[in-house]
Amino acid sequence: MVSTDTLPALRRFLPWVGVAARLIVGGVWIAAGLLKIPDPAENVRAVRAYQLLPESIVPTIGHLLPILEVLLGLCLVLGLLTRLNGVVSSLLLLAFIVGISSAWGRGLSIECGCFGGGGGPAEGAKEKYPWELARDFGLLFLSVWLIWRPRTPWSLDNRLLVQ
Amino acid sequence: MSKKRSIATEKSNARRAAERAAAIRKEQEAKERRRRTLTVTVVVLVVLTVLLGIGYAVQSSRDTTGQVATPPDGVVEKYAFPFGDPTAPVKVAVYEDFMCPFCGQFEAVSKDMLERYVDQGDVEVRYHVISFLDGSSNTDYSTRAANAAGVVLDTTGPEAAKKFHDLLYANQPEEGSDGLSDDQLIEFAVEAGAQESDVRQPIEDLKFEQWVKNATEESSKQDVATTPTVMVDGESVDFETLDDLLASTTDAIESALNN
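From first to last, the protein sequence lines are chains A and B. Here the numbering used here is used: the first residue of the first sequence is 280, the next is one more, and so on. Here the numbering used here is used: the first residue of the second sequence is 25, the next is one more, and so on.
Chain A with its partners taken away, still in its complex shape (with noise of 0.2 Å):
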């Protein structure tokens, strides 16, 4: 029989999934965010180039999301309040499965931004949405994961809940 053998060492094998998920979605978040930082003029405009939001909320968002991205992705390699940032993380990265998808889907060909730059000049810009949004799917896997099972070894989760 398998199961008897196989069982524990699943159990002690998934906790490390999730150490792997935090690192790869946190680290993902912070390059994405550190990459934004220095031009939020840029961040603007790339955020405008989807043509889904308000004009009234656009500069907002522009200014307001490479924060959100950096603190989000310390708060997962951190392990930090996890299950709530795995929950903000898979919320953001719907959003932008939508932009992405809405943005392809009426012919728009602009760069996606989401590694700084945007509003640039988006050659072969159409190519590129199923590569970004492959990642960002594969990205909202993991960051459900979290959700599923937040509690992960070498997390700061560990010290400050107690089990």
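Watch out, some of these pointers could steer you wrong.
Keeping only pairs whose Cα atoms sit at most 30 Å apart, straight-line, the calculated DSS-like set for lysine-lysine is [what the hints assert, rightly or not]:
| id | chain 1 | residue 1 | chain 2 | residue 2 |
| --- | --- | --- | --- | --- |
| 1 | B | 135 | B | 102 |
| 2 | A | 407 | B | 245 |
| 3 | B | 245 | A | 405 |
Everything labelled a hint here was simulated from the structure, so no lab data went into it.
With the hints as your guide, set chain B onto chain A.
Below, chain B without anything else, positioned relative to chain A:
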């Protein structure tokens, strides 16, 4: 018999009491855990909100777009360099960045066509020089070049500005390079007809920097997400390739002229 029964009762009472105590303890521990989780969550959330607020304030204050800026003398529609007869029936707006390689290629293939229409008095071209590729050079070449074009327009007029614009595209630096130096920009300005003594200071001091930022922001509000973007009488020309763009622009101009 009764003695035995009472011992059994006592035992079971004791066990029940112990169980109750354990249950209460367990519940208290659970309560304590919940309280602690809540406290930690609230404290962390407050700290994160404060950090988010500070970061937002910093980002907003670093974004100077929209602040009042003096435009160069001679611009039309606040942000455009005019080329051609202002009474020409068709207006062609071209949005471009001096660093954008595709703009350079577009300039090379469209120059003769546009100049022919302008010479015939059919078209006025309005160059919207914007700057979003500062990250593609090590020296903010996009902004420096756009500013310099503004300086030439301001000091020497639209013909010199058009000549300067053509010179910068004919000598376009590669993406990722240092771009042209201020001295080279000044040399080209002089070649286009400007006096060095007029243009050196404002080119070096980025006199129209804020105006360039505002022009870039305004273009994004016009849904210009790619460069070059060409609009014929306000209608954006769709394209996939450079050949498309050239052909569609010519078609759009022709159909505008025939209307």
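Hints versus structure:
1. B/135 - B/102: holds, 24 Å
2. A/407 - B/245: holds, 24 Å
3. B/245 - A/405: Holds, because 21 Å separates the two Cα atoms, which is no more than 30 Å.
Checked against the numbered hints listed earlier, the structure breaks none of them; every hint is satisfied.
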